[in-house]
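Asker: Sequence:
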Amino acid sequence: MEHTSKLIKGSLSNALEGKRITLCVTGSVAAVECVDLSRKLMRHGAEVYTVMSKMGTNIIHPYLLEWATGNPVITELTGQIEHITLAGKHAGHVDLVLIAPATANTIGKVANGIDDTPVTTTASSAIGAKIPVIVVPAMHESMYDHPAVIENIEKLKAMGVGVVSPRMEEAKAKIPDVDTIVDFVLATLGPKDLVGKHFLVSAGPTRGWLDRVRFISNPSTGKMGIALVHELLSRGATVTLVLGPTAQVAPTQANVINVSTYEEMWDAVMKALSDKKPTCFISTAAVSDYIPSKKEDTKLTSGKSSLTIELVPTKKIIEEARKQYKDLFIVGFKVESGISEKELEERARAKIDAGICNLVIANDEQKKGVAFESDTNEVLIVGSKGTVKKVPLSTKREVARHIVDVIVKMIK
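When the letters of the sequence shown are read in order and numbered with the numbering used here, they come out as residues 1 to 412.
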């Protein structure tokens, strides 16, 4: 009977479906992040096996990681030659070895072929078997800056080992957030079908200011756009993200341009199109169709019986992009409300027939779990010549994978 902890597999996406990952845990206090890390990998479809050093078991008990992954934890090497079973030269080896956190001690040993813990021995076998290895350094800044540690990290890179840069905070080289590590894994194991391609993505809302403290906007969070950026990065693309005001955290690997107003969004997109000359422009931003005709220099006083606001229409950024860049591959998003699927498709196709978009992603915000503020989405991917793909209600990251799959086929 399968461990019930594995029921979460694939709940975020199937990007790692069929992939087997060995998570190696060493004696850094950052080991407390490994439960979340292992389960996030599983939520993307991976099977996770844990190997721990003795010092790692002093930070976090093996039982906890056994519960998290649903698999027994290796804390010592026996006659079962666990390091070879996981990472040897045979057909059944894992797809990747992830050392997170990696202490200065472990980094030094792996870089110099010293195999005296279950973690270092597994890593050495993986390197020798040419299995992808990723290390995630975590230590105090003074240790991270030691010349020998710097040299050892460079040695690992020269061997082809991936190194996830730490966050430098409070005089510490801290383990990055879990999503950053998972993105690195996805980029390592995922298809590299967008290497050399540059994408421009707009995401989030814009604000039309009434006075110094009030504005008109919409509920867009930018989640769908950010999910697309994660997917593009994982497949090797370079990404510029023009992001409206949101509480969402953008991927650190993207070139992020933060904006607030419609005018700022327009200027940033047009400049990026001119400077970066992207392969593709994905317009997910919920840009204001109307904005106040003027912004008051002071706060409007309250207590009035009524307030009349004049709104003026804005120019469509996506239409200007098409006007200036005839050969640019443009992906538009269209949100409708309470219409039939047939009508949704027809309205999406109108943008293609008008020559504005090459591909349109359409959804109905009245459906439960769809569009604004949710972590899920259900879309129609509408292309030319009658091409339609329906993506049922899924996480936005999974929807992003389907969208990018279609884009890849169309731009090749």
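Hints may be right or wrong, so weigh each one.
In silico DMTMM-like cross-links for lysine to aspartate or glutamate, where the CA-CA straight-line distance does not exceed 25 Å [claimed, not checked]: (1) Lys-326 with Glu-365; (2) Lys-315 with Asp-327; (3) Lys-192 with Asp-177; (4) Lys-40 with Asp-405; (5) Lys-315 with Glu-264; (6) Lys-367 with Asp-327; (7) Lys-155 with Asp-115; (8) Lys-342 with Glu-264; (9) Lys-390 with Glu-17; (10) Lys-323 with Glu-310; (11) Lys-385 with Glu-343; (12) Lys-315 with Asp-375; (13) Lys-157 with Glu-141; (14) Lys-316 with Asp-211; (15) Lys-390 with Glu-320; (16) Lys-276 with Glu-320; (17) Lys-277 with Glu-310; (18) Lys-385 with Glu-319; (19) Lys-367 with Glu-345; (20) Lys-155 with Asp-211.
Derived CB-CB ranges, DEER-like [unchecked claim]: (21) His-61 with Pro-219: 41 to 49 Å; (22) Lys-323 with Lys-89: 51 to 59 Å; (23) Asp-116 with Asn-218: 13 to 21 Å; (24) Ala-350 with Asn-218: 47 to 55 Å; (25) Val-195 with Arg-167: 55 to 63 Å; (26) Glu-296 with Glu-170: 37 to 45 Å.
Read the hints as simulated data drawn from the structure, not as lab findings.
Cβ coordinates follow ideal geometry from the N, Cα and C atoms, glycine included.
Asker: For every hint, state whether the structure bears it out.
Answerer: Okay, the hints, checked on the actual structure:
Using a Cα cut-off of 25 Å, the hinted pair Lys-326 and Glu-365 is violated, with the two alpha carbons roughly 31 Å apart. A threshold of 25 Å between alpha carbons decides the hint, and for Lys-315 with Asp-327 the separation of about 21 Å falls inside it, so the pair holds. Of the supplied pair hints, the one linking Lys-192 and Asp-177 holds, its CA atoms being roughly 23 Å apart against a limit of 25 Å. Of the pairs offered as hints, the one joining Lys-40 and Asp-405 holds, with about 22 Å between alpha carbons and a cut-off of 25 Å not exceeded.
Restraint check for Lys-315 and Glu-264: the C-alpha separation of about 13 Å stays at or below 25 Å, so the hint holds. The suggested pairing of Lys-367 with Asp-327 is violated, with an alpha-carbon distance near 35 Å, which exceeds 25 Å. About 16 Å separates the Cα atoms of Lys-155 and Asp-115, which keeps this hinted pair within 25 Å; it holds. Taking the CA atoms of Lys-342 and Glu-264, the gap is about 35 Å. The hint is violated against a cut of 25 Å.
For the hint pairing Lys-390 with Glu-17, the CA-to-CA distance comes to about 21 Å; that is within 25 Å, so the pair holds. For the suggested pair Lys-323 and Glu-310, the alpha carbons sit about 29 Å apart, so the restraint of at most 25 Å is broken. Proximity of Lys-385 to Glu-343 is assessed by CA-CA distance (about 17 Å); at most 25 Å being required, the pair is judged to hold. For the suggested pair Lys-315 and Asp-375, the alpha carbons sit about 30 Å apart, so the restraint of at most 25 Å is broken.
Taken as a hint, the Lys-157 and Glu-141 pair is honoured in the structure, with Cα atoms around 20 Å apart against an allowance of 25 Å. Proposed proximity of Lys-316 and Asp-211 is supported: the alpha carbons are some 24 Å apart, at most 25 Å. A threshold of 25 Å between alpha carbons decides the hint, and for Lys-390 with Glu-320 the separation of about 28 Å lies outside it, so the pair is violated. Straight-line distance between C-alpha atoms of Lys-276 and Glu-320 comes to about 17 Å, which keeps the hinted pair within the 25 Å bound.
Restraint check: the Cα-Cα separation between Lys-277 and Glu-310 comes to about 37 Å, which exceeds 25 Å; the hinted pair is violated. Straight-line distance between C-alpha atoms of Lys-385 and Glu-319 comes to about 21 Å, which keeps the hinted pair within the 25 Å bound. For the proposed pair Lys-367 and Glu-345, the alpha carbon gap of about 16 Å is at most 25 Å, so the pair holds. Proximity of Lys-155 to Asp-211 is assessed by CA-CA distance (about 57 Å); at most 25 Å being required, the pair is judged violated.
Separated by about 43 Å at the C-beta atoms, His-61 and Pro-219 satisfy the suggested range of 41 to 49 Å. Taking the beta carbon of each, Lys-323 and Lys-89 are about 57 Å apart, inside 51 to 59 Å as hinted. Checked against the given bound of 13 to 21 Å, the beta carbons of Asp-116 and Asn-218, roughly 58 Å apart, lie outside it. Restraint check, Ala-350 to Asn-218: a C-beta distance of roughly 22 Å breaks the suggested window 47 to 55 Å.
Between Val-195 and Arg-167 the beta carbon distance is about 26 Å. The supplied range of 55 to 63 Å is therefore violated. With their beta carbons about 42 Å apart, Glu-296 and Glu-170 fall inside the hinted range of 37 to 45 Å.
In the structure shown, a violation is registered for the earlier hints numbered 1, 6, 8, 10, 12, 15, 17, 20, 23, 24, 25, in ascending order.
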